[in-house]
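Turn these sequences into a full structure, and let the hints steer you where they fit.
One line per chain: the protein sequences are Z and S, in this order. Residue numbering for the first sequence follows my numbering, beginning at 1 and increasing consecutively. Residue numbering for the second sequence follows my numbering, beginning at 1 and increasing consecutively.
The reader is advised that the hints may include incorrect statements.
[To be verified] Computed cross-link-like contacts, SDA-like style, restricted to lysine to any residue with a CA-CA straight-line distance of at most 20 Å:
| # | chain 1 | residue 1 | chain 2 | residue 2 |
| --- | --- | --- | --- | --- |
| 1 | Z | K21 | S | P52 |
| 2 | S | K42 | Z | D122 |
| 3 | S | K42 | Z | N97 |
| 4 | Z | K61 | S | E113 |
| 5 | Z | K61 | S | Q95 |
| 6 | S | K125 | Z | T68 |
| 7 | S | K42 | Z | T94 |
| 8 | Z | K363 | S | E80 |
| 9 | Z | K77 | S | P59 |
| 10 | S | K107 | Z | L377 |
| 11 | Z | K61 | S | K107 |
| 12 | Z | K39 | S | G109 |
| 13 | S | K107 | S | M97 |
| 14 | Z | K61 | S | K125 |
| 15 | S | K42 | Z | Q100 |
| 16 | Z | K378 | S | W92 |
| 17 | S | K107 | Z | R375 |
| 18 | Z | K384 | S | G109 |
| 19 | Z | K378 | S | K42 |
| 20 | Z | K384 | S | M84 |
| 21 | Z | K61 | S | M131 |
| 22 | Z | K89 | S | T41 |
| 23 | S | K107 | Z | Y387 |
| 24 | Z | K378 | S | P53 |
| 25 | S | K70 | Z | L71 |
| 26 | Z | K21 | S | D65 |
| 27 | Z | K77 | S | P53 |
Since the hints were derived computationally from the structure, they do not count as laboratory data. Since we're looking at a predicted model, the values are computed, not measured.
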Amino acid sequence: MPTTPIVTRAFRELAVLNVAKRGMPHLRITFTPHPVAAKTPEQLHAYVEGNDPVSGKPMMKEIVDALTTPLSADEMKTGLVEVSVGPEKYGPDTARNLQQFYHDNGMTDFLPIVIPTEEEVDEMLKGTSHHPDEVVGKMAGGAYPPWSYTVKQVAINAVMAGCKPEYFPTILAIASSGTPSLMSSTNSFAYAAVINGPIRDKLNMNYGIGALGPFAQPNAAIGRAWTLVSRNLANGGIPGDTYMGSQGNNLNYNNLIMAENEAASPWVPLHVQKGFRAEENVVSLFRGLGIVPGQGARGTSTDTPKYEEQFSDLFSVFTGFFGGLVVADPLIAANLKGRGYDTKDKLIDWLYKNTTQTVKDYKSRDFAYGFDYPRALKGLEPYKTWYAMPDDAVIPRWPHRDDINVVVLGGQTNAFFQGGSLSYTVSVSIDKWT
Amino acid sequence: MNRRTLLSLLGASPALLAGLPAETKPAPSQAKTTKASTLPTKVEGLNPKGTPPPIQLIPMARRLDNLNGKTVWLVDTGFEGGGMLLEQIRLWFNQNMPTVNAVFRRKAGPYMEDDPALWKEIKEKGDAAIMAVGH
Chain Z
1 MPTTPIVTRA FRELAVLNVA KRGMPHLRIT FTPHPVAAKT PEQLHAYVEG NDPVSGKPMM
61 KEIVDALTTP LSADEMKTGL VEVSVGPEKY GPDTARNLQQ FYHDNGMTDF LPIVIPTEEE
121 VDEMLKGTSH HPDEVVGKMA GGAYPPWSYT VKQVAINAVM AGCKPEYFPT ILAIASSGTP
181 SLMSSTNSFA YAAVINGPIR DKLNMNYGIG ALGPFAQPNA AIGRAWTLVS RNLANGGIPG
241 DTYMGSQGNN LNYNNLIMAE NEAASPWVPL HVQKGFRAEE NVVSLFRGLG IVPGQGARGT
301 STDTPKYEEQ FSDLFSVFTG FFGGLVVADP LIAANLKGRG YDTKDKLIDW LYKNTTQTVK
361 DYKSRDFAYG FDYPRALKGL EPYKTWYAMP DDAVIPRWPH RDDINVVVLG GQTNAFFQGG
421 SLSYTVSVSI DKWT
Chain S
1 MNRRTLLSLL GASPALLAGL PAETKPAPSQ AKTTKASTLP TKVEGLNPKG TPPPIQLIPM
61 ARRLDNLNGK TVWLVDTGFE GGGMLLEQIR LWFNQNMPTV NAVFRRKAGP YMEDDPALWK
121 EIKEKGDAAI MAVGH
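Right under this line is the structure:
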């Protein structure tokens with residue numbers, strides 16, 4: 001079936017590169033001025049009557065020609081094209097020059113790296129019993145064919161990030177999930193990894209004062225390795241090609257690495273909630289838009305705070321497209337338990353029931369239009385029911401109760417919390433990669 | 001609390017307060033040997049990239065001779081404005097190529113999901129398709 005796609009001018013490079021990756025490098029694409037969204041019918045009429053901003057030809061002639069001009073020999077080609085990523089090694093050169101080479105060729109986060117010499121990588125490989133040539137998984141930071149990678153290729157990136165060999169099983173676990181921390185969307189996504197189990201103490205991870213800050217090497221380096229893995233092993237994070245985040249997200253430098261403060265929490269840790277045993281070492285991944293401190297939420301000035309209401313107030317401004325992640329200091333967890341929330345589930349039940357929105361507000365959000373409305377048309381719930389309700393009806397902020405998760409960390413210097421607009425994606429065994 | 005910690009808390013560099021320059025140069029008697037022994041070492045760094053899949057070239061579908069009397073499906077992928085743009089295209093066909101039967105459909109599911117039922121319908125009933133908008 002002869003088909004022609006229409007793409008706005010801002011995504012020309014992305015469109016051209018993507019069709020090439022998918023095997024149709026000569027696909028006849030028509031371009032319009034950008035944006036198409038938020039335009040009146042009259043403005044779009046002018047687009048249609050005007051010229052393709054890339055070719056300069058009348059847009060409708062471009063479309064008709066795309067469907068009727070006979071194919072060229074190139075457009076009819078078949079066969080397999082191998083893709084090269086360059087030589088196995090770079091150099092020999094000075095460390096300074098190599099550092100700059102890695103930067104200039106987009107293989108870093110533009111912070112200094114540890115040059116991945118053969119010796120450094122061999123040392124990193126001692127952190128796992130898995131063979132260097134074993135395929136760990138595959139990953140794509142967008143809607144393009146994923147790249148695959150071996151234990152050794154992950155090790156190279158772990159060295160660059162400044163990891164120690166003992167961190168390597170955790171990085172392998174993250175890599176095995178196939179979850180990139182750099183996604184191609186025009187949204188600038190943020191990612192988080194919650195680490196549970198005895199490994200937190202074995203690696204001296206920080207889950208006390210400054211748990212989310214730059215105060216411990218494993219917290220910093222593991223998160224950074226995830227970004228370099230996403231960049232190099234998945235070919236992610238190339239602006240204009242595999243990264244289109246309009247503003248970017250500073251959290252992508254080393255992501256949100258959260259070692260749960262299991263000892264100070266009155267509740268079961270996250271990995272046990274996800275079906276693992278307490279003594280297992282597990283990393284659980286989240287994807288979303290970011291995290292916001294809870295100071296200033298309604299009720300924070302009262303002498304008898306109801307933290308669940310503060311969580312709800314903070315989450316009320318989040319889109320429900322992503323889940324809600326409560327990151328609570330142990331002081332808050334103790335308070336909640338004392339007031340009857342003796343399990344995370346009870347807190348989650350309350351939040352799901354009491355964090356609400358009107359149907360009108362829900363429909364006005366772009367995520368609802370782009371993702372939920374099409375699901376409603378397919379008959380999927382709760383979207384189908386929500387879209388059939390009157391505008392003043394009240395519905396939950398989140399489609400599903402399981403969209404809400406709770407993690408306890410912090411140093412108990414104050415009863416503070418943060419709220420993540422973050423969805424749980426998967427939990428992976430770290431022990432498997434030792 | 002030792003003196004170094006105290007000075008750091010005051011925001012002062014202990015080295016500066018001790019009278020040393022910020023960058024300490026080697027003593028002259030060491031200059032020749034220092035220069036010879038600090039030639040930068042050359043190393044090799046490994047390629048950190050993963051393994052891309054080979055690309056299977058897909059031949060494009062044969063084109064039509066013309067659109068006269070043909071059914072052209074206008075497929076809305078779901079990005080904002082795409083449906084309205086396709087409506088303008090449909091109106092253009094009505095006014096400029098009235099023998100073209102332009103049929104509008106919104107693809108089911110979010111933009112990144114396939115819609116096999118729609119593809120089947122288009123193959124059975126259509127002659128060509130225009131998809132909009134890729135953002």
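Here is what the structure says about each hint:
1. The straight-line distance between the Cα atoms of Z/K21 and S/P52 is roughly 10 Å, inside the 20 Å bound, and the hint therefore holds.
2. Annotation: proposed proximity of S/K42 to Z/D122 holds, straight-line Cα distance about 18 Å (limit 20 Å).
3. Under the criterion of a C-alpha separation no larger than 20 Å, the hint pairing S/K42 with Z/N97 is consistent with the structure, at around 9 Å.
4. Among the hinted pairs, Z/K61 with S/E113 is inconsistent with the structure: their alpha-carbon atoms are about 29 Å apart, more than 20 Å.
5. Taking the CA atoms of Z/K61 and S/Q95, the gap is about 14 Å. The hint holds against a cut of 20 Å.
6. A C-alpha spacing of about 18 Å is found between S/K125 and Z/T68, which places the hinted pair at or below 20 Å, so the restraint holds.
7. The hinted pair formed by S/K42 and Z/T94 meets the criterion: a straight-line CA distance of about 4 Å does not exceed 20 Å.
8. A C-alpha spacing of about 13 Å is found between Z/K363 and S/E80, which places the hinted pair at or below 20 Å, so the restraint holds.
9. For the suggested pair Z/K77 and S/P59, the alpha carbons sit about 5 Å apart, so the restraint of at most 20 Å is met.
10. Of the pairs offered as hints, the one joining S/K107 and Z/L377 holds, with about 10 Å between alpha carbons and a cut-off of 20 Å not exceeded.
11. Only pairs whose Cα atoms come within 20 Å are accepted, and Z/K61 paired with S/K107 is rejected, the gap being roughly 25 Å.
12. Restraint check for Z/K39 and S/G109: not satisfied, since their Cα atoms lie roughly 23 Å apart, outside the 20 Å limit.
13. At most 20 Å may separate the alpha-carbon atoms for a hinted pair to count; S/K107 and S/M97 exceed this at roughly 25 Å.
14. The suggested pairing of Z/K61 with S/K125 is violated, with an alpha-carbon distance near 24 Å, which exceeds 20 Å.
15. Annotation: proposed proximity of S/K42 to Z/Q100 holds, straight-line Cα distance about 14 Å (limit 20 Å).
16. As the CA atoms of Z/K378 and S/W92 are separated by approximately 30 Å, the hinted pair breaks the 20 Å bound.
17. Straight-line distance between C-alpha atoms of S/K107 and Z/R375 comes to about 11 Å, which keeps the hinted pair within the 20 Å bound.
18. This hinted pair checks out: Z/K384 and S/G109 have alpha carbons roughly 12 Å apart, not beyond 20 Å.
19. Annotation: proposed proximity of Z/K378 to S/K42 is violated, straight-line Cα distance about 61 Å (limit 20 Å).
20. For a cut-off of 20 Å, the pair hint linking Z/K384 to S/M84 is broken: about 23 Å separates their Cα positions.
21. About 16 Å separates the Cα atoms of Z/K61 and S/M131, which keeps this hinted pair within 20 Å; it holds.
22. The hinted pair formed by Z/K89 and S/T41 meets the criterion: a straight-line CA distance of about 16 Å does not exceed 20 Å.
23. As the CA atoms of S/K107 and Z/Y387 are separated by approximately 18 Å, the hinted pair is consistent with the 20 Å bound.
24. Among the hinted pairs, Z/K378 with S/P53 is inconsistent with the structure: their alpha-carbon atoms are about 33 Å apart, more than 20 Å.
25. Restraint check: the Cα-Cα separation between S/K70 and Z/L71 comes to about 19 Å, which is no more than 20 Å; the hinted pair holds.
26. Using a Cα cut-off of 20 Å, the hinted pair Z/K21 and S/D65 is violated, with the two alpha carbons roughly 29 Å apart.
27. Using a Cα cut-off of 20 Å, the hinted pair Z/K77 and S/P53 holds, with the two alpha carbons roughly 18 Å apart.
Comparing the model with each earlier hint shows violations of hints 4, 11, 12, 13, 14, 16, 19, 20, 24, 26; every other hint is respected.
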